[in-house]
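Chain order of the listed sequences is A and B.
Residues in the first sequence are numbered consecutively from 1, following this note's numbering.
Residues in the second sequence are numbered consecutively from 1001, following this note's numbering.
Hint data in this document are derived by calculation from the structure and do not stem from the laboratory.
Please note: incorrect hints may appear among the correct ones.
Some chain A residues judged to face chain B by a derived CB distance under 10 Å, without partners named [claimed, not checked]: (1) G71; (2) H75; (3) R90; (4) E99; (5) M153; (6) S154; (7) R157; (8) N217; (9) G219; (10) G221; (11) L225; (12) D227; (13) S229; (14) A233.
From chain B, some residues computed to sit far from chain A (all C-beta separations above 12 Å) [said to hold, decoys possible]: (15) L1032; (16) L1108; (17) W1111; (18) G1163; (19) A1173; (20) D1177; (21) G1179; (22) P1215.
No more than 30 Å apart at the CA atoms, straight line, and that leaves these computed lysine-lysine pairs for DSSO-like [what the hints assert, rightly or not]: (23) B:K1082 to A:K132; (24) A:K98 to B:K1132; (25) A:K79 to B:K1166; (26) A:K132 to B:K1166; (27) A:K181 to B:K1030; (28) B:K1116 to B:K1164; (29) B:K1082 to A:K76; (30) B:K1164 to A:K67; (31) B:K1082 to A:K79; (32) B:K1030 to A:K79; (33) B:K1132 to B:K1078; (34) B:K1030 to B:K1282; (35) A:K56 to B:K1164; (36) A:K76 to B:K1164; (37) A:K155 to B:K1164; (38) B:K1282 to A:K56; (39) B:K1282 to A:K76; (40) A:K7 to A:K132.
All C-beta atoms, glycine included, are put in the ideal place defined by N, C-alpha and C.
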Amino acid sequence: MAETLLKVSDLNVYYGSIHAIKGISFEVKEGEIVTLIGANGAGKSTSLNTVAGLLKPGSGQIEFCGKSLIGVPAHKIVKQGMALCPEGRRVFLQLSVKENLEMGAYSRPDSEVNDSINMVYDLFPRLKERYKQVAGTLSGGEQQMLAMGRALMSKPRLMMLDEPSMGLAPILVDQIFDIIKNLHAAGTTILLVEQNARKALAIADRAYVLETGRIVNTGTGSDLLHDDSVRKAYLGG
Amino acid sequence: MLNYLISGISLGSVYAIIALGYTMVYGIAKMLNFAHGDVIMVGGYAAFCAGTYLGWPVPLAILFSMMICTILGIVIEKLAYKPLRSATSLAVLITAIGVSYFLQNIALLIWTSNPKAFPNMVNFIPSIVLNKGTGSEITISSTTIVTIIASILIMVALTLFTGKTKIGKAMRAVSEDKGAAQLMGINVNATISVTFAIGSGLAAIAGVLLCSAYPTLMPTTGSMPGIKAFTAAVLGGIGSIPGAMLGGILLGILEKFAQAYISTQLSDAVVFAALIVVLLVKPTGLLGKKVMEKV
């Protein structure tokens, strides 16, 4: 039985008076790909942002490697081995590709940074070609690669990806999913949030379906792919 | 003519150093620290007290002044601005104006409104005389030379710092996206503190240079140069380091020429009119960058 890496219990998150996450619980075990699917506004990104420490939960528990993350600021959570590749990529547009990657390794000793940069270049040769370019001049797909590479720079045990395929051409979407599979094969545990439910379920070990801040269904990726209600709601029948 | 140009560059260099402080803080914390000019005044008084009352040697007095201002900058940020990190920019602006008046009035309480005669602290190198013996001699004072060199050194140092060092790059990351910077493991609050520390340390240097050139030190000494330097930062493109330098020097030259050829009373009006014209033509300032965004 693999170790539980991330355990979220009875989490509630509020935006002012709006109750965005209503008591959800889920977990990610070492070596898994877990996906959260659901419609716009279901609370998928809010869940990830809360786990990463960008949002403060109203109540509930978040444990990573057995240690509580409640009250730990976001910049310290990274150090513990969790990285979030945020929705909309949010690369630093005015920094160069290489500088973006360096920022990803901010909490690691300087001596290890170059090795990791080369590792990311191997994974994304396109980034190596453009290492001097300012990130704002990259295409959407390249920016997504940069955002993923940057998140990898912290050498995370758990990598959280928020809508990595958003706004990309279908061929790039396939590429991004291939890369996610490769990362997983290389030993990184993955928590994936996707609107492209079909693709996400196809690669996921397990999945949770979110609806207006609640988990309404859960199961293995292939179970949910063939589940009638899921098919109707998220896979177009 | 050359005389005015030189004194303009000299004044402009002081503006440039102040503007660099403005632009650093604006660029990274995205706020206008209107109290920046008053930190300069405190820097002037700190150097004055250390040099004149305590009789400390000049380098020590300047260091002392930088230390006081750096601490003051960090404290101001912690007490006044940090609690407002997620407030509207208008609330922060009003607070900054409040801090500005607070500092002026504290200075008034401690040092009274009687002007202090500031000793020139930077005349340690000989002045240069051009056109010697021709009857149209032009003297470039020691203060002028030191001021110009200091401003250039500071600009180069800041450019290298933000471009090459780890914390400098982190500052640029924070300036673009605080949330994403946190996800990288960057401590945003600490980074903003460092920014304020640097900006305020520069204010101390500007205070010493300003008071050495214009030796009347009063609680309001910092406010007008502060506003002019802010204008310079906007003129050059706020957030841009070379822009602050360029804006400062242009503004200094413009002010001196306006004083000489138009009218002493109207020189400030000319300066601000120039700002309006530049902003009408190029709203981002002379070297301001247009931020490209790709979704």
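Outcome of the hint check:
At its closest, the beta carbon of G71 of chain A sits 15 Å from a beta carbon of chain B; the interface hint therefore is violated under the 10 Å criterion. Hint status for H75 of chain A: holds, given a least beta-carbon distance of 5 Å to chain B, under 10 Å. Proximity of R90 of chain A to chain B holds as hinted, the smallest CB-CB distance being about 4 Å (cut-off 10 Å). About 5 Å separates the beta-carbon of E99 of chain A from the nearest beta-carbon of chain B, less than 10 Å, and the hint is met.
For M153 of chain A, the interface hint holds, the least distance from its beta-carbon to any beta-carbon of chain B being 8 Å, beneath 10 Å. Against a cut-off of 10 Å between C-beta atoms, the interface hint on S154 of chain A holds, since the closest Cβ of chain B lies about 6 Å away. Proximity of R157 of chain A to chain B is violated relative to the hint, the smallest CB-CB distance being about 15 Å (cut-off 10 Å). The interface hint given for N217 of chain A is broken, as the beta carbon of that residue sits about 29 Å from the closest beta carbon of chain B, more than 10 Å.
For G219 of chain A, the interface hint is violated, the least distance from its beta-carbon to any beta-carbon of chain B being 30 Å, above 10 Å. For G221 of chain A, the interface hint is violated, the least distance from its beta-carbon to any beta-carbon of chain B being 27 Å, above 10 Å. Annotation: interface hint on L225 of chain A violated; nearest CB of chain B at approximately 30 Å, more than 10 Å. Because the closest C-beta pair between D227 of chain A and chain B is about 33 Å apart, greater than 10 Å, the hint is violated.
Nearest Cβ of chain B to the Cβ of S229 of chain A: about 32 Å, over the 10 Å cut. The hint is violated. Here the hint on A233 of chain A is broken, as its CB sits about 27 Å from the closest CB of chain B, past 10 Å. The Cβ of L1032 of chain B lies farther than 12 Å from every Cβ of chain A, with a closest approach of about 20 Å, so its non-interface assignment holds. Chain A leaves L1108 of chain B outside its interface by the beta-carbon criterion, the shortest separation being 40 Å against a cut-off of 12 Å.
No Cβ of chain A approaches the Cβ of W1111 of chain B within 12 Å, the least distance being about 41 Å, so the stated non-interface status holds. Against the 12 Å criterion, G1163 of chain B falls within the reach of chain A, whose nearest CB is about 9 Å from its own CB. Its closest Cβ contact with chain A, about 5 Å, brings A1173 of chain B to no more than 12 Å, contrary to its assignment away from the interface. Not every CB of chain A lies more than 12 Å from the CB of D1177 of chain B, the least distance being 5 Å, so the non-interface label is violated.
Distance to chain A contradicts G1179 of chain B as a non-interface residue, since its nearest Cβ pair spans about 5 Å, not more than 12 Å. Residue placement check: P1215 of chain B keeps its beta carbon more than 12 Å from all beta carbons of chain A (closest about 41 Å). Taken as a hint, the K1082 of chain B and K132 of chain A pair is broken in the structure, with Cα atoms around 34 Å apart against an allowance of 30 Å. About 54 Å separates the Cα atoms of K98 of chain A and K1132 of chain B, which puts this hinted pair outside 30 Å; it is violated.
About 17 Å separates the Cα atoms of K79 of chain A and K1166 of chain B, which keeps this hinted pair within 30 Å; it holds. A threshold of 30 Å between alpha carbons decides the hint, and for K132 of chain A with K1166 of chain B the separation of about 17 Å falls inside it, so the pair holds. With a C-alpha separation of about 40 Å, the suggested pairing of K181 of chain A with K1030 of chain B is violated against the 30 Å cut-off. Note on K1116 of chain B and K1164 of chain B: the hinted pairing is violated, with a Cα-Cα distance of about 41 Å set against a maximum of 30 Å.
Between K1082 of chain B and K76 of chain A the alpha-carbon distance is near 19 Å, which keeps this suggested pair within the 30 Å criterion. At roughly 36 Å between alpha-carbon atoms, K1164 of chain B and K67 of chain A are farther apart than 30 Å, so this suggested pair is violated. A hinted pair counts as satisfied when its Cα atoms are at most 30 Å apart, and K1082 of chain B with K79 of chain A qualifies at roughly 24 Å. Restraint check: the Cα-Cα separation between K1030 of chain B and K79 of chain A comes to about 27 Å, which is no more than 30 Å; the hinted pair holds.
Between K1132 of chain B and K1078 of chain B the CA atoms are separated by roughly 54 Å; this puts the pair beyond 30 Å, and the hint is violated. Note on K1030 of chain B and K1282 of chain B: the hinted pairing holds, with a Cα-Cα distance of about 20 Å set against a maximum of 30 Å. About 34 Å separates the Cα atoms of K56 of chain A and K1164 of chain B, which puts this hinted pair outside 30 Å; it is violated. Taken as a hint, the K76 of chain A and K1164 of chain B pair is honoured in the structure, with Cα atoms around 24 Å apart against an allowance of 30 Å.
Of the pairs offered as hints, the one joining K155 of chain A and K1164 of chain B holds, with about 23 Å between alpha carbons and a cut-off of 30 Å not exceeded. Restraint check: the Cα-Cα separation between K1282 of chain B and K56 of chain A comes to about 41 Å, which exceeds 30 Å; the hinted pair is violated. In summary, the hint linking K1282 of chain B to K76 of chain A is not supported, as the alpha carbons are separated by about 42 Å, beyond the 30 Å threshold. The hinted pair formed by K7 of chain A and K132 of chain A fails the criterion: a straight-line CA distance of about 39 Å is larger than 30 Å.
The structure shown violates the earlier hints numbered 1, 7, 8, 9, 10, 11, 12, 13, 14, 18, 19, 20, 21, 23, 24, 27, 28, 30, 33, 35, 38, 39 and 40.
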